[in-house]
Each structure stands twice: as structure tokens, then as C-alpha cells.
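*Asks:* Chain by chain, the residues:
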Amino acid sequence: MTAIRLEGVSKRFAGFTAVDALDLTVPDGSFFVLLGPSGCGKTTTLRMIAGLEMPSEGRILLDGEDVTELRAGRRDIAFVFQLFALYPHMNVRRNIAYPLRSRGVARAETARRVEEVARMLRIEHLLDARIGRLSGGDRQRVALARAVVRRPRAFLMDEPLGTLDAAFRELMCEELRGLHDRIGATTVYVTHDQIEAMRMADLIAVMNRGRVEQLGTPEELYHRPRSTFVARFIGSPAMNLLACRIEQDAGDPVAVLAGVRLPGIPAPAGTAEATLGIRPEHVRIDDTSALRGEVLAVEYLGARQVVTVEGPFGLLKLRAPNRLALAFGDRPGLAFDPGRVVWFDADGRSLATARRREAAGG
Amino acid sequence: MSARDQARSIVEPAPFSRRLAALVIVVYALVSSIPLAWIVATSFKTPNDAIAYPPKLVFTPSLEGYVNLFTARTRQTPEYLASLPPPETWYEELVRKRNMVITGPSRFAGRYANSLIIGFGSTFFAVLLGTFAAYAFSRFGIPLKEDLLFFILSTRMFPPIAVAIPIYLMYRQLGLTDTQLGMIILYTAVNLSLSVWLLKGFIDEIPKEYEEAAMVDGYSRLQAFRKVVLPQAATGIAATAIFCLIFAWNEYAFALLLTSGLAQTAPPFIPNIIGEGGLDWPAVAAGTTLFLLPVMIFTILLRKHLLRGITFGALRR
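So the protein lines, in turn, are chains A and B. 1 is the number of the first residue of the first sequence in this note's numbering; add one for each residue after it. 1001 is the number of the first residue of the second sequence in this note's numbering; add one for each residue after it.
Hint data in this document are derived by calculation from the structure and do not stem from the laboratory. Among the hints, erroneous ones may be present.
Claimed, not checked - Only pairs whose alpha carbons sit at most 20 Å apart, straight line, appear in this in silico EDC-like list of lysine to aspartate or glutamate: (1) 1208/B with 337/A; (2) 1208/B with 159/A; (3) 1097/B with 1280/B; (4) 317/A with 337/A.
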């Protein structure tokens, strides 16, 4: 059981800052996901926690112990690589036992623990197989077994499902989360796939350009993104972002979108322009609304449909029930769920609305 | 049969082209092995058979070439030979028939041992140092890495013999001329550029995640190198060792220039046989046959590694 702390950690490569003064706390026993596009510094962060890269600045603490200078093998952390990194010259059993051999665990104990882990991950039948013979999913399980068998203080995983096909990834997401719930060890998981992150995480840190853009639970990130970057990155389809003017109406700010006033929607004060963010499922079809657009595309997704509408405000996607028959060229009226609207300033940072500020103050 | 039954894969070669390819390979193998077969056959002929015209394809095998290769002999008068006690060994008997007596062993065995020591010694060091250097070039951010690699390669851009005179003068100052150590150092230096470049290619192919996994699992970098990188680089190391050995084994010019007695290798010695007591072709052929053996055996022993291919199956790219 281990809490991981990063204090002011930076990593610079020749002429390029991969991680920029990062402060991060991974609570003990949590499933913590570092999420971001490629090149955002998430893998470098993970490698610094593992001891595979030295930070240029800052400290890394495991349970309060400063391990910044400690080499990887001394940190008692397990790492699962995207490429699995199973040794092709050894069979499955020896691969799993390998980390125990380096620690001088007795032979009988090693055998017992390998069997136990193999049972847990349902790969007992593969113990004597050669690595080259295994399917991607089985390799993933063997790589996990090799990590679990050591009973490390924490697990670090670098896109471990990145090379699996979609159906299998879904299954492995469940298995990984199940494994974490059984073992309870702190896990830091790196991915660029927001769906994976949302599925498994207790906490997600969205990273962008070497910094944490937002840290929170999946719900917080989804409903209250603190920046347009997070709003775009999380959710599929992404949050709609629409440029609005803010006008004053008897002292209260009112949003104006493409010339249409949106009186029911709380708007931010003290600014003349702002970006309105609304999730596709919080856009309703409302024929009384003055806000109208033309249907460009309808994607049928089984339970719901995703409709793309073009209007004077730009493109907008909405998620509608299937019973609504919308076709190309229709001009439906649109309304937003007032409680679900979020606002961003010109720099893409979230803005508080009058109503929410009251709620926070009261 | 309909046309569909005969449909073939477009990536698999058709049976006809497969047979044609096999035929080409067989013919090529035969053509290239004729000189070798000729040498081996000549080594088992008597001197008269060896120079017979038209060449004898069927002959009575004789070990005279090998006996002549390993012994020094002098020609004697029949009267003197008759006064000697009867020959004790089969090779003495063979020599007596030619009106000669054995005066002692020739220098061939010593030259051959020099070749073995220098060839395998320099191969060992070239591969050992090359592996470490290649690993460092492959894994670490070395300042001026590209320039250093180019510099190492540039030593191969001229024939090594072009620097023969400076090396000769240097070696004379250092007392390294005509020593086994000197030849091992020289061949190691020449082979090192090849081995660094070849091995760097092979090590680059081994994903660094393997070592990193081992290092996270508690091994030091050196242990990870020995237990994870070396086994996977075995193919490359074997191939490199063969190339290095072939160069060091066959090298003629430096050996001629820098060795004369103690450390002389077989290549400059074999032509000497021609000068000793006329054109003794069977002895030359015997020397050449024996000279071919070590490289052949070494290559056959390492063949498994060369052909095995690199099992990157555990990684998905």
C-alpha cells in the first residue's frame, strides 16, 4: 500500500521540456490514470516514477520516502509495458518467475507463487508454452502475472492495452479493474484512450504539454471540465464548444449565441465574450426554440443516434433518442439543458457563472 | 479440373519457379565448390598425379602431400639410404621411396597454431569490445554519437594496407612486430569498426523495454545486459564473429609485412612451401585444405544461430 507523490518534477530532454514542474499525489490504493494525447509527458512521468528516467528537477516520494535517486530495481514497483516485454527466450513460467529470481526467493516459494498468480489470471494452462505462441491477450495476462507475482508496492502500466483489438481491450479493462479491486495496490495507468480511462479510473489526471490540465474523478472531468482541452479530450463525441456574446439584461448577464438570446441559461459575469460548452446528450430538440440549424448527418448507434447540425453558430452534435426521426436537411429547433452548460474564457479556462458562484458561496 | 481448382496464391511462388530457383542454387553450389573439391583432391594425390595431363579424376589416394607439409626432408644417395636401419613409421617409409630422409618437423604446425591463436583471439576481442560499444551507442545519449560512429566507420574507407608503413614503424618502436599480441591487437582494431556497426544494428532491434523490465524487476543494468540483451543478440554476435574470423584468418598483407618468424600466420607461409624443394603441389593443397577447416567448422557450429532468425515474437509492433 503506497501513496506516490511528485513534487515539482520536471524532465527536460535536449531543447524540449517533456514534463513541466509537475505536482501530483496518487492516493494509496487508488487506480490512477494519466490521460493525454501523445507527447503530453504522461509516459515520461510514469518512467520517472519507475526510476527509468531521472527527473531534471523535483522529488519523487513513495510513502513519504524520497526515492528520486534510487535505481529502478530498488523501488519495489512493477511496470507493465505496452509491448509487454516478455523474454522470448524463456517460457511463460520462467517469465513470471523472473522477478522473483532476482530477489533470491526460494525455489519452492517461487513455484507456489507462480501457480497462484497463474490461477488468478487464468493462465495455468499456458505455463509451459513459449511466448511466441501466445495471443496478444494471453501475453498481456502473462505480463500482468509477472508484475503481480512480486507483490510490489505499486503497479505502473504504460498503455498495456494499446496493441489489443477493440473487443479484447474491453474485456481486459474489466479484468484489470477486477484485479486492482482484489489486490488493492496503488496503480498508475497511462493511456491516450479516454474511454479506457473513464472505465477504470478512480482518479484521472488529464495531461497536456507536460502539465496536469485537470485532476478529478471521471464524473468531474466529464461534467465539469476546467478547460476546453479537457472538454474536447473527454467524451465521444466531444463536448460542443460554441462562441457566445454576453450581454447585460437588467444587471444580469445573458448569453447570445449567433444572435439568439438564451435567457434560461446561467451566463458568466464580467466578460463580453465566452465559449459555451454543452455535451451532445444535453442538447434537446425543441421546436419552440429560435435556435435552429440544418441536419448534416445522422449516425445511428443502436440505443441513441448522434445528429450533426449546422447553423449560424457552427457545427453542433447532439445525442437524441431513436424515436426522433431526423433526416438530412431538416431544420430542428435546439435547446440546452441549463444545469449542464459550462463556460470557458478566451484562453479556454472555465468560468464560474453567477448561479454557480452563489451555490459555492452559499 | 476447373480453373478455380488451380487457383494459386500470388505471394507463394509457383511450383515451377520454385524448382527453377532450386536448380539455380544447386548449379551455383556445384560451380563454387569445384575449386574446393579440386584442392582437396590434389592434397591426396602423389606429386606426379597432381601434375598429370589430362588431369586424373580417378587416382590412388596418398598422404604424401600431408607428410611433406609437416616434415622437412633432404634427398640422399641410394647407397646412404641402404645403409640406414629400416623405416620405423609409415611416413618414413613413404619418404624413403622418394630417396629422401626426414630431418625434422616443418614449421607448418607452428604457423597454423599462430593462425588459430591470432584469428580466434582477435575475433574474441573484436566481438567482446564491439558488443559493449554497440550497446552503449544503441542505448545511451553519448555526446557526438553520430560523429563517433562515422569516425569508427571511416577507418574502413581505405584498404587497411594503406596504413601499413605507419603501423610497421609504430610496431617496431613498441616491440610488437612479429608477436602474437601485436597481430591480435591489429586485427581487433581493424575488425572493431565492422563489429560495432553490425552489432549496433542487431542491438537496436532489441526493444529497450526488455532491459527496462529486468531493471524494474530488480536487476542492475549489467545483469540485465547479460541476461536479457546477450541471449537475444546471440544471432548478431554469431554473424559478427564469423565475419571477424574470416577477415583475421585470411589476412595476408599485414601478416607478410609484420611477421616473419615467431608469429607468422599460415597465409604467408603456404606460398613458402612452393619455394621449398620444387613445386610440391600436393603439399600446398594439403596446407590449403587444413587451412580451410577451422573457418568451415566455426561457421557450421554457429549456423544454428545464423539461421534461427530473431524471435521477436513476444513483441507486437
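*Asks:* Give a verdict on every hint.
*Replies:* Hints versus structure:
1. Taking the CA atoms of residue 1208/B and residue 337/A, the gap is about 51 Å. The hint is violated against a cut of 20 Å.
2. Under the criterion of a C-alpha separation no larger than 20 Å, the hint pairing residue 1208/B with residue 159/A is consistent with the structure, at around 16 Å.
3. With a CA separation close to 16 Å, the supplied pair residue 1097/B and residue 1280/B stays within the 20 Å bound.
4. For the hint pairing residue 317/A with residue 337/A, the CA-to-CA distance comes to about 14 Å; that is within 20 Å, so the pair holds.
Figure legend: structure checked against the earlier numbered hints; the only hint not met is number 1.
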